[in-house]
Structures are given as structure tokens and as C-alpha cells.
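Participant: Those sequence lines, one after another, are chains A, B, C and D. First residue of the first sequence? That's 1 in this note's numbering, and the numbers climb one at a time after it. First residue of the second sequence? That's 1 in this note's numbering, and the numbers climb one at a time after it. First residue of the third sequence? That's 1 in this note's numbering, and the numbers climb one at a time after it. First residue of the fourth sequence? That's 1 in this note's numbering, and the numbers climb one at a time after it.
Hints were generated in silico from the structure; no laboratory data involved. Some hints here could point you the wrong way.
No copy labels: a pair is met if it fits in one copy or bridges any two.
Unchecked claim - Straight-line distance between alpha carbons at most 25 Å, and here's what the computed SDA-like set of lysine to any residue pairs gives:
no., residue 1, residue 2
1, K185, M95
2, K40, D129
3, K185, R27
4, K40, G55
5, K40, P7
6, K73, P197
7, K13, A144
8, K13, W93
9, K185, T154
Owing to the predicted nature of the structure, the values given are computational and were not obtained by experimental measurement.
4 protein chains.
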Amino acid sequence: MARKLVPEQHEEKRQLILEAAHRCFLRHGLQGASISMICKEAAMSPGHLYHYFPGKEAIIEQMADEYLSALHKHFEGQRETRDVATVLLSEIWSMNSWDDAAHCRILFELLAEAGRNERIRNILARNSDGVRRLLSDTLTAGQARGEVDASLNTEHTAAMLIAIVDAAPMLPLMLPGIDFDESRKLITTMVRRFLEPRQ
Amino acid sequence: MARKLVPEQHEEKRQLILEAAHRCFLRHGLQGASISMICKEAAMSPGHLYHYFPGKEAIIEQMADEYLSALHKHFEGQRETRDVATVLLSEIWSMNSWDDAAHCRILFELLAEAGRNERIRNILARNSDGVRRLLSDTLTAGQARGEVDASLNTEHTAAMLIAIVDAAPMLPLMLPGIDFDESRKLITTMVRRFLEPRQ
Amino acid sequence: MARKLVPEQHEEKRQLILEAAHRCFLRHGLQGASISMICKEAAMSPGHLYHYFPGKEAIIEQMADEYLSALHKHFEGQRETRDVATVLLSEIWSMNSWDDAAHCRILFELLAEAGRNERIRNILARNSDGVRRLLSDTLTAGQARGEVDASLNTEHTAAMLIAIVDAAPMLPLMLPGIDFDESRKLITTMVRRFLEPRQ
Amino acid sequence: MARKLVPEQHEEKRQLILEAAHRCFLRHGLQGASISMICKEAAMSPGHLYHYFPGKEAIIEQMADEYLSALHKHFEGQRETRDVATVLLSEIWSMNSWDDAAHCRILFELLAEAGRNERIRNILARNSDGVRRLLSDTLTAGQARGEVDASLNTEHTAAMLIAIVDAAPMLPLMLPGIDFDESRKLITTMVRRFLEPRQ
DNA sequence: TATGAATGAGGGTTCATTCAT
DNA sequence: GATGAATGAACCCTCATTCAT
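Between the sequences and the hints, there should be enough to build the whole structure, so can you do that?
Facilitator: Put into C-alpha cells, the structure is as follows:
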């Protein structure tokens, strides 16, 4: 008689909301996007939205978490690749255009928010942690193979590389006419020269 | 009755408001800081504030303009310095701690806003333009002196260096324990290796 | 398929809901307690609750009815007691502490509500009626036995005694340090002196 | 040039709001009366109302405070009256009808709220304190003159008398047809018999 | 029976802005 | 120049209630 709980549907709805929220945040910012906008975007009444999330903060936080883990997922499964720089910059290489990068602009929202909101800051740190360890290991392996300058502190270098990758979407904002492919190559060149062993 | 010669006072008040706004934006974000907060911070009534600025947008825009030009002012007056990398990273070298960098966090607000607001985007582009030209000239001069790799496109390289400098305040957000001095050195090393002529 | 003989279960569930509602009303007030709170307290879904009651008002009304009749039930079965004052104040004497009295606080909610809501006012009047008649009869019997001042209008006196009993839970709110036993004795003394025949 | 602060006008507006709120609370209860209702009643926009009060709670609290102090103000200035009972029940005697008493019904709202809200409870206690001391002094003076039973604890007796006075508005709710004058006399009689010295 | 998805009006509150003085 | 009174739309969120299953 009683309807069974269908957690998959529940989870689907949550994802639907998160995607709608992501679009709104992209268009209007974390604070500028209102619950009622998200509701319209998700074709859902406000009362119902609160059935799935306890508040706006929770939406932002889960969105941030999933967004960041997706953003950095490119690194995984590429550990066997030979060229270290290619692995490190796989995220950039996986993008096809500035439109893709534009989609990343939500990172700025998060960085701005992280400066004032400890919870967002922790989410950011937690997500960076995993990637940083991955990059660090890759660098260490590269050093062992003689492909990476052995004098570099792999921990700090990894952190900086993440920052650089995350800064890439900045370029079109500061330099409207820039070409996507060329800037990608430029970053790669810089990283490669940075890492290669000094003779 | 007619008072004509007090435009200096007028300008002083505007600056006072802009500084108050800057502090509020730093604490609460561009959207999170309200006019009434800014009024309190500037010890001024809302009606009076609107005597100096036509609205919140105008405050944000002028604040952005002045903030960005101040941020990049370090480059000027250092053109005669010998070491190219030092010139290029003078902004970073002028900071003494992450606290100084924290003050730069407002840049994230602006980058986030620039993604959606054309006027802010233009202000950002206009300000970057000047610095980019400056950096570009420095790079060209460096190439002429044989200190910079001649194969690099100076325009694009300059743009990327700005992005890197602007990404620096990201680091403590992603990697809470990082040391300020070491990360500064790491960035410098990377840039130097990137630019030096290939043999 | 047809089940007919489960009206007891139906009634049980209704009581369960009423008890849960009572607890919520006590904690948050008639207007402050929400249906969803009551649902949680009764471990029941909102859809199900509406299977037993047509709405919040109905819950309040039946709760009020049962609460009031329970509150005044003490009077019954004590008619043969000799001392008139003891009968009249049996409700107060049946309480053991202010905790019990606290449980009576819901009466204030009802009195407040009765001031604006005619249906609650009627429920209150109807319940008081029964008790008032009971008290009135007790007083008349007392007058016949010469234990109660014969000049008192028994109807009005009964009404006032109910008000006094109902006002008892007020005391700890107004006089936080008061002792329960002493205030009980004080009320009894007052009532006894009031009722006793004048010589 | 700058307009002077006119604190009297500010205070006037606050009183205007409090009166509007009082009427709304009387009609719909403390929780049932909404800010927007109060705004309509006070002919004022919601934004403006928050210029005078930081929130609904503050309105309730100040209203409660002023209401209670007004309610008990009758006692003052009657200390020289000869008859103790008359002084003690001056509040009841000052009313002319149940309509006057109806206006007191807001007390039930406050009593109900006091059961859950510590701040309201404190306001209630603080206001009762003053009156209780006044009554207590009156009783002590009456004992000295031999008009009041010397065996009564004046503190507790005073507390109970307040409760009785406050319970008076209950009567028409429980007994719709009751006569105002007669019930007033009845209460007075009871109090007088209670207090008079025992021979 | 029983569930929880779904609604949309309304809750208290804050907002950028304008106005009379 | 300067004040703070005044607005009303919009903010996030909760409500009592209904519906499909």
C-alpha cells in the first residue's frame, strides 16, 4: 500500500536542482542568484525545493563540492601517460574552447566566497588536497625518471600548478582577443620549461 | 552664497566613500555589501551618499577602476631594473605576507563579476591593457638584450604573466598551510625559467 | 477486501495525533506549532494525518475539548466528600508540582484563542458549563448543610471559582520563586474563608 | 542646512506602531498578527517599520512592557485610600464593562507566550514585581491598622491577588452571559472576606 | 492505509533608492 | 551639503494543504 521510498528519484531531483542552480550561479553569481530564480530554472516551487535542500547554503556547498571534484577529475586515469606536463595540464587540454572555460568561471565565485566563508574554504581545500596529492605523486615519479627537475619541492609545485590551471579562465576576461589554442600552448610551454631538469 | 572652489572636498568625500566600500566589499563581497553597510562604514547617511554617486554600480565601477590601477602600479618606475623577472613580478615582491595578498582578494570578486557584467569586464580589460603593454615592452627590451627567449610572443606572454600574478592570492585558499616566501620564490623561479633564452 | 471492524484502530490513531499535537502546542503554542512538527512528533506523514483530521483547526478543537474535559474531570466522583472547599479545589490538590501546572499552560493558549475564535470560545463555554453546574450543585448542597454562606449566588460563585483555579498556573510565571505547596494552601484558605457562613 | 534630529517625532512613530501592533495582536494573537498586517494598520511600509524596530520580537516586547505597566498603574496614587480591598482591586474597579476587560485579553497572549519565551517571562516578572511590592506594602500597612489578618504572608498574598485580578477577563470567556457588575462585586467580596481579621 | 512529492501564498526581513526638510 | 524618513519589491524560507501512487 505504502509507496516505497525511491531514493534514486530523490537523488535525480537533487541533481536537477544542482544543475539549475549551477546555471543560475553562472549567470548571476552565488549571491545574485535567488532561490526563486533557481526554482524557475528547475521548474519547481520554492516549497518543494526546500524538500530537497535545507537552504541556499546547502545548495551552494554541494554544488561547489561536485563542481570542484568534476573540474579536477581529468587528472585521474592519466597517471600512466609519459609526458608529465601533459598530465598536469590535462584539464586545460581537455577543454575545447573558451566556452568550456567560461563554464569554469564559477570557480571565481567560489574563490571570492571562500575568502569570507569558512565552509566554502574548507570544501575548496578538501578538493584541492586530492588533486595536489595526485600531482605531487606524478611529479615525484617524473623526478625518479629524470624528467622533472629533482630540486623542486613537489608539494609546493603541485599547489602552484593547480593555481595556474585554475587561473586559465581569467585570460579571456583580461585579454578579450586572445586565441584559445595559443594560450593553451603558452601555458604548456611555461610549465614544461619550469619542470624540465636543469643541466 | 555661490561656492565654487570646493571640488577638492567633493573629491575627498568620494574617496572616503570608495575606501569604506572597499572594506565592505572585502568583508562581504560585491553583492553582499549593502549601501547601508557602506553608509555606516563611511559614517554617512544614505541620502548623502547618493549625492556623490548615482548608485551602487557606480561605486563598484570606480572602486574597481582605482583598485586595479593601484594593483598594477608597482610595475611603473621599475623599467630600468636589470632583471626582467623581478620587474614582471614586482607586484608579488612588494607584498610582505598573505595578509597583503588577502587584500587582493577583491580581485576575485571582480573576476566573478566581470564574467557577467560587461562594464566591469571592460574596466578589467582596460586596466590590464596598460599593464600588458608595459610588460610587453619590458619583454621586448629583454629580448633585445638577449635576456629573454626571442621566440616568445611578447603580447601573449605578458597576458599570461598577469594572470599568474593575479592567481597568487588563490594559493592560501587552496592550500591553507603554505608558506608565503617559498611560494613567492617558486613563482619567480618558474617565470625565470620560462623566459630565459634556450641554448 | 472490505474491512469494517477497525474503527478502534482509527480512534487510536486519532488519539495518538492529538497527544502529539498537545505536546507541540505546549512547546510552541497553537499557532507556532506546525502541521509538519505534529507529523514528526506523531511519526506520521502529512498526507496520512489529513486522513484522520480535516485540518489543523479540527485538531486544535478536538484537542481543546478533550483537554478541558480532562482538566475538569477531577471534580467528578468527589461529590460525596464532606468538605466543600476540598471538592472545589480538587483540581489544584490533584496536582503535585508546578510541573503539572506547567502542563496546564495550554489553557492560556486556549483562553487567548477563545478571545478571537468563536468555535474555541464555544468549546470553552460548553466545558465550563458542566463543571459550573457541578460546582453550583455542590455549593447549593453545602448551603443546605449550613457549610456555605447562604447569601452567595451559587451560579456566579461557581464561575469565579473556576476562573481562580484556572488562574493558578499563572503564579509561577509572575513570581518565579514561589513555592507550590504554600500557594496551594493560600488559595484554599481564601476559598474557605470566602465560602464559610458569616455569623 | 542639515535637518535636526527630532527624537519626539521618532518616539511618536514608535508609539503609533505599538498601538497598531496592540490592535493587531488583540485581533489575531501575537503569532497570528503579521508584520504586514501591522504595517497596514499603522499605514506604513514594511521597510519603514524596520526603521523603528529591529524586528517583530522587539515590538512584542516593548508592547508587553508598556501594556503591563499601564495595566498595573491603577494601583499607584491610591495608597492613602482607607479600604484595603478597594485599593487592591482598583484595577477591576476602574473598568466599566467587559469591553474594557476585553482589552486586557492581550494578557492571555502574554501568559501563553511567557510559558515558552524567557524574555517575555522576564518582562512579566519584572512588571509584576513592582506591583507586588506595592500590594505587599499596602497589606502590611493594613495589618498594622488591624484591618488585615495579621497571619497572612503579605508577599504571597499579594502575588495571588495579582493573579486573581488578571484572571478576571477570563470570566466572560467561560461564562458568556455573566454580568459585569455582579462579578466585580463577587470578587471584591471574596477578597474582603479573605483579608479581614479573624476573631 | 500510508507515503512523500508538490504547491503557491505568505511569513519576517533587507534592499537600493528617493524625498522632504 | 546633509539628514533620516519613507517606499515597495525582492530576499530566503515555512506554511497548511492536496495529490498521485
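Participant: All hints, please: hold or fail.
Facilitator: Against the structure, the hints come out as follows:
1. K185 to M95: within (12 Å within a copy, 30 Å between copies)
2. K40 to D129: neither (35 Å within a copy, 39 Å between copies)
3. K185 to R27: For K185 and R27, neither the intra-copy (29 Å) nor the inter-copy (37 Å) Cα distance is at most 25 Å.
4. K40 to G55: both (16 Å within a copy, 20 Å between copies)
5. K40 to P7: Intra 24 Å, inter 20 Å, cutoff 25 Å: intra and inter.
6. K73 to P197: Classified as neither: same-chain Cα gap 28 Å, cross-chain 35 Å, threshold 25 Å.
7. K13 to A144: For K13 and A144, the Cα distance exceeds 25 Å both inside one copy (47 Å) and across copies (61 Å).
8. K13 to W93: For K13 and W93, the Cα distance exceeds 25 Å both inside one copy (32 Å) and across copies (49 Å).
9. K185 to T154: Cα proximity of K185 and T154: in one copy and across copies (23 Å, 14 Å).
Checked against the numbered hints given earlier, this structure breaks hints 2, 3, 6, 7, 8; the rest are met.
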